[in-house]
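Trainee: One letter stands for each residue in the lines below.
2 protein chains.
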Amino acid sequence: QGTRDHPPAQAALRDRLLGAVVSCFKRHGAAAIDTPVLELRETLMGKYGEDAKLIYELQDQGGELLALRYDLTVPFARYLAMNKVTNMKRYHVAKVYRRDNPATTRGRYREFYQCDFDIAGQFDPMIPDAECLKIVHEILSDLQLGDFVIKVNDRRILNGVFAVCGVPESKFIPACSTVDKLDKMPWKEVRSEMVGEKGLSPEAADRIGEYVQLHGGLDLIERLLQDPQLSQNKLAKEGLGDMKLLFEYLTLFGITGKISFDLSLARGLDYYTGVIFEAVLLQQENEHVEEPVSVGSVAGGGRYDGLVGMFDPKGRKVPCVGVSIGIERIFSILEQRLKASGEKLRTTETQVLVATPQKHLLAARLKLISELWDAGIKAEMLYKKDPKLLKQLQYCEDTGIPLAAIVGEQELADGVVKLRDVATRQEV
Amino acid sequence: QGTRDHPPAQAALRDRLLGAVVSCFKRHGAAAIDTPVLELRETLMGKYGEDAKLIYELQDQGGELLALRYDLTVPFARYLAMNKVTNMKRYHVAKVYRRDNPATTRGRYREFYQCDFDIAGQFDPMIPDAECLKIVHEILSDLQLGDFVIKVNDRRILNGVFAVCGVPESKFIPACSTVDKLDKMPWKEVRSEMVGEKGLSPEAADRIGEYVQLHGGLDLIERLLQDPQLSQNKLAKEGLGDMKLLFEYLTLFGITGKISFDLSLARGLDYYTGVIFEAVLLQQENEHVEEPVSVGSVAGGGRYDGLVGMFDPKGRKVPCVGVSIGIERIFSILEQRLKASGEKLRTTETQVLVATPQKHLLAARLKLISELWDAGIKAEMLYKKDPKLLKQLQYCEDTGIPLAAIVGEQELADGVVKLRDVATRQEV
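Note that the protein sequences, when read in sequence, are chains A and B. Just so we're aligned, residue 272 is where the first sequence starts under this note's numbering, counting upward by one. Just so we're aligned, residue 272 is where the second sequence starts under this note's numbering, counting upward by one.
Chain A extracted, bound-state conformation (with noise of 0.2 Å):
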């Protein structure tokens, strides 16, 4: 349940998209890795929240106790500090498992590919921050989604607000995920979770939703700057501070017409200490979509400096900042796309078939498309020892294969082989 087979035109469509998200990746210089699917269970522990029991346990079997990985994002950090690697730029692309309520006409599975990239130094304020955007804006724009914006927010400005407003640090966290179901429900009935649920007081969740309903540019930004309590707080002026940095530099990368500095974005994970951001896909009015539905997030990511000193026996700290494209949802579009336009996909490269027009010639196809196998050439024949070369061309035309080398008693005679155009029918 929630897990999926990729028949071959679905395989053909995703590997095309993992191509144009790797591509990008490489664009920006970062370096492959590959971690197991199975991680010591203690590892995953204490790192998701409220989201660990959606992790996969392995029975125990004896030896260790395993779990398969939720994210790529703590294998790698795991990664990071038992190598005592400070330093270093890294893509990952690979399955992650969530024993979720699965939704898979929205693209929601319980296996399903994660590509992370993520930068990992003690670098000069923002400049890695301001590359994850690029590189979300970039794969959005390439893959042609449609109008996208890319949420941004800072866990220490939320952080901020949340004092400001009276919130008891012992409560930011629980605060944090409230406000992160928003973009979900109205701001009424998180509200109400905030004061049932997680024991806001009323006035704290009132002002709370004064902050969190904002969303703006570099105004909204010198605006909060200048606001009386906020402008009071280490931590919100820390970040404010940051998010203008971040602006500008957007503004070098030219981007900034697709950013949202949006109080409301939370994010939900713990693990995250400075900025956040999330992309999403705006439906277009004049689109026909059988079911209008948002399709949500399409990447996110942010910084979270603390997570690879959790895995070093001292303690030391990696400061890190990356992304995570949401690959499913982005192939469920291109799939719907895909039959809508009623294009078919190749799933094959094959650029020659061998055919026989005549019998008893199966020892000459199979001497020929041996020489074009060693020529690097791709090539297929038919499996039986006689086809008729009607059925030969049939199968060119069915799977898309260009051209078709025959050899007939002529064409062995001269010492020739026939090269026939299958869409043409030019023969040479």
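These aren't lab readings, by the way, just hints derived from the structure by calculation. Do not rely on the hints blindly, as some may be mistaken.
No distinction is drawn between identical chains; accordingly, a pair holds when it is met within one copy or between any pair of copies.
Below 30 Å or equal to it, Euclidean Cα-Cα: the simulated DSS-like pairs (lysine-lysine) are [unchecked claim]:
(1) 630 <-> 508
(2) 508 <-> 459
(3) 615 <-> 297
(4) 508 <-> 655
(5) 469 <-> 324
(6) 297 <-> 630
Please build the complex by placing chain B on the supplied structure of chain A, with the hints as guidance.
Mentor: Just chain B now, with coordinates in the frame of chain A:
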């Protein structure tokens, strides 16, 4: 235990290796499919004989009982049956899981990649089987792994041998898995296991011994076709007839020089029904190796005509033949070789580093690099506001970036960029 992280240098080497294998599979017209890492436990049960104890099972956390895939063949057969596909040529490169005793120096892991190519469908005999052997030959030649031999046998011939040696049919499978150990232990020990553990009569074991120590080419096939006992056995006769046909096709492919018809080859798995094969690297005598261990089998496969039917509610069979490339062992060899050569593999593909020679030029770097990325050029910069030029050039040398694009005050004033060849120090 028995798993590993791949740091960038290893990931780059592995990508190169997998690329070579996949490009061969594509050359032979295969389409890609993907299946989940998780399978229902019941799917895997009863398919692997004695090895079933090595399957990783997931904890029962509610819902279905799951296990990690043990190979890619059983999931492929399940896929064919579930989707009623009766005709397909596919490849699949993915990780599989075995709770085996790891021997990591010899490339034996608990999580490892398999690279499988399989042909499913009802075809004329031995044509797809011959192509599988051609593929093994192409890949091992391409990778320049040194001399190798591909051992070929047929389960029907082995069963015929057992029958004419007086083994009851119920003991064919145990006898087969004992014969399979002949590459790891001498005949004497294999014989004593046959008699002691598997309960064969000493006479039967001795007669088997005479057969399974035979290996050769067409001449041996011809001789066995004349063998007074074997020629009377229906299964053996079929197998030998097909083996002769296979050798004909392999002669047309020009690869019989590396093929050995070897009656000791048995292959461990239960599901094989016809041709089986295994490729072994031959240790060169004049080669300097730290540990002169045989790396053993680097590819294997065979025909399994009954497996798909096990997943079909009506038992409808789909004949299949396939090959699996033992990528981890090959990877170990290539890794050792790379180490010995002292060659350093680049882990990134960055073409140009954007650098500045004076302070306060971060904005210029950000603008230029953004232009380069948008033009599809692989570019990096240091994440420092004011890095020293020497540090920036040093980074190029360390990571193999061939070019530096330098914007200084003069270049900005002139509206140009200085391009520096890092190796030759030439500038334009």
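Trainee: First find the shortest C-alpha distance between residue 508 and residue 655 inside one copy, then the shortest across copies, and answer within, between, both or neither for a cut-off of 30 Å.
Mentor: between (75 Å within a copy, 22 Å between copies)
Trainee: When no copy is named, should residue 508 and residue 459 be tagged within, between, both, or neither for a Cα gap of at most 30 Å?
Mentor: The answer is within: 28 Å in one copy meets 30 Å, while 80 Å across copies does not.
Trainee: Checking an output row: residue 630 and residue 508, CA cutoff 30 Å. Within, between, both or neither?
Mentor: between (83 Å within a copy, 27 Å between copies)
Trainee: At 30 Å max between alpha carbons, let me know whether residue 469 reaches residue 324 within a copy, between copies, both or neither.
Mentor: within (19 Å within a copy, 47 Å between copies)
Trainee: Which holds for residue 297 with residue 630 at a C-alpha limit of 30 Å: within a copy, between copies, both or neither?
Mentor: Intra 51 Å, inter 28 Å, cutoff 30 Å: inter-copy only.
Trainee: Up to 30 Å between alpha-carbons, please classify residue 615 paired with residue 297: within, between, both or neither.
Mentor: Both, since 29 Å and 19 Å are each at most 30 Å.
No hint from the list above goes unmet by this structure.
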